[in-house]
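J.: Sequence:
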Amino acid sequence: GWFHPQPCVTAAALAALATYVGGELPAITSAARYLRRTAEGGLWHPYWWYGPSYATCLAVRALGAIGPLPPAAAATTIAAVLSAREPDGGWSGRVPGRSLPFPTALCLSTLLALGYEGPELSAASDLLLARQRASGAFEASAELLVPGGVSAQTMTLVDGGRFTTACVLHALHALRERPAARHEDPSCSPTLHP
314 GWFHPQPCVT
324 AAALAALATY
334 VGGELPAITS
344 AARYLRRTAE
354 GGLWHPYWWY
364 GPSYATCLAV
374 RALGAIGPLP
384 PAAAATTIAA
394 VLSAREPDGG
404 WSGRVPGRSL
414 PFPTALCLST
424 LLALGYEGPE
434 LSAASDLLLA
444 RQRASGAFEA
454 SAELLVPGGV
464 SAQTMTLVDG
474 GRFTTACVLH
484 ALHALRERPA
494 ARHEDPSCSP
504 TLHP
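Residue numbers for the sequence shown follow the working numbering, so the first one is 314 and each next one is one higher.
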C-alpha cells in the first residue's frame, strides 16, 4: 500500500530477494514473518487486486522460495482455495458464479506450488483451455483496484488480456511440467491452441 506493508507487495519483494540474493538476510526473515502473520484462514488479501487469489499465489510462491510451508499451513491454504472454487471448475472475481481466467490461473498456480494433486487441477485446466481465444490470448480479467479502493466500484481491468494470458500460460506450463504429469497419459496434459 501507500503507507503500510501489504501482503502482495511484500510477497513480490520476498520472492525477488529469495531468488536473486538468497541467504539469511534480515529483510528475508522479516518479510517471511510478516507474510506468515498476515494470512487469514489460509489466504492473503491484497491492497491492489480484487479478491485473495493474486496475493495468495504470490505469498505461497515467496514463502516456498525460502522453504516448504508447514504442512498445516499448506493444508489450510489448499482448503481455503478449494472452498472458493466455482461449480464449473474455476474461480471468480468480483462477480460471484462467473469463473475468470486470471483468478483461475492464480488458484491453479497456488495449488500446484503447494504440491496439491487432485481432480480440481484438470477441471481448472479444462476451463482455461475452453476460454482460450482463437488468437491464443485470454480474456482480460486481472481486476486491479484503484489505489485505496474498497469496492468493485473502484476496480478496473488492466492490460487488454496480456497479464491474464501470461498468468494462464504460466499456470498451464506448471501443470504440464509438475513431477506427477510425467507419469500421466499424455492425452491428459493441457495442449494450447497454436
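Heads up, a few of these hints could be off.
[Said to hold, decoys possible] Beta-carbon label-pair distances, calculated as ranges:
id, residue 1, residue 2, range
1, G473, E337, 40 to 46 Å
2, G380, V408, 20 to 26 Å
3, A479, A443, 16 to 22 Å
Bear in mind the hints are in silico, worked out from the structure with no lab data behind them. Keep in mind it's a predicted model, so treat the numbers as computed, not measured. Glycine is no exception: its CB is placed at the ideal position from the N, C-alpha and C atoms.
J.: So, for every hint listed, does it hold in this structure?
T.: Hints versus structure:
The hinted window of 40 to 46 Å between G473 and E337 holds, with their beta carbons roughly 42 Å apart. Take G380 and V408: their Cβ atoms lie about 37 Å apart, and the range 20 to 26 Å is violated. Judged by the Cβ atoms, the range 16 to 22 Å given for A479 and A443 holds: they are separated by roughly 19 Å.
In terms of the numbered hints stated before, the structure departs from hint 2 and from no other.
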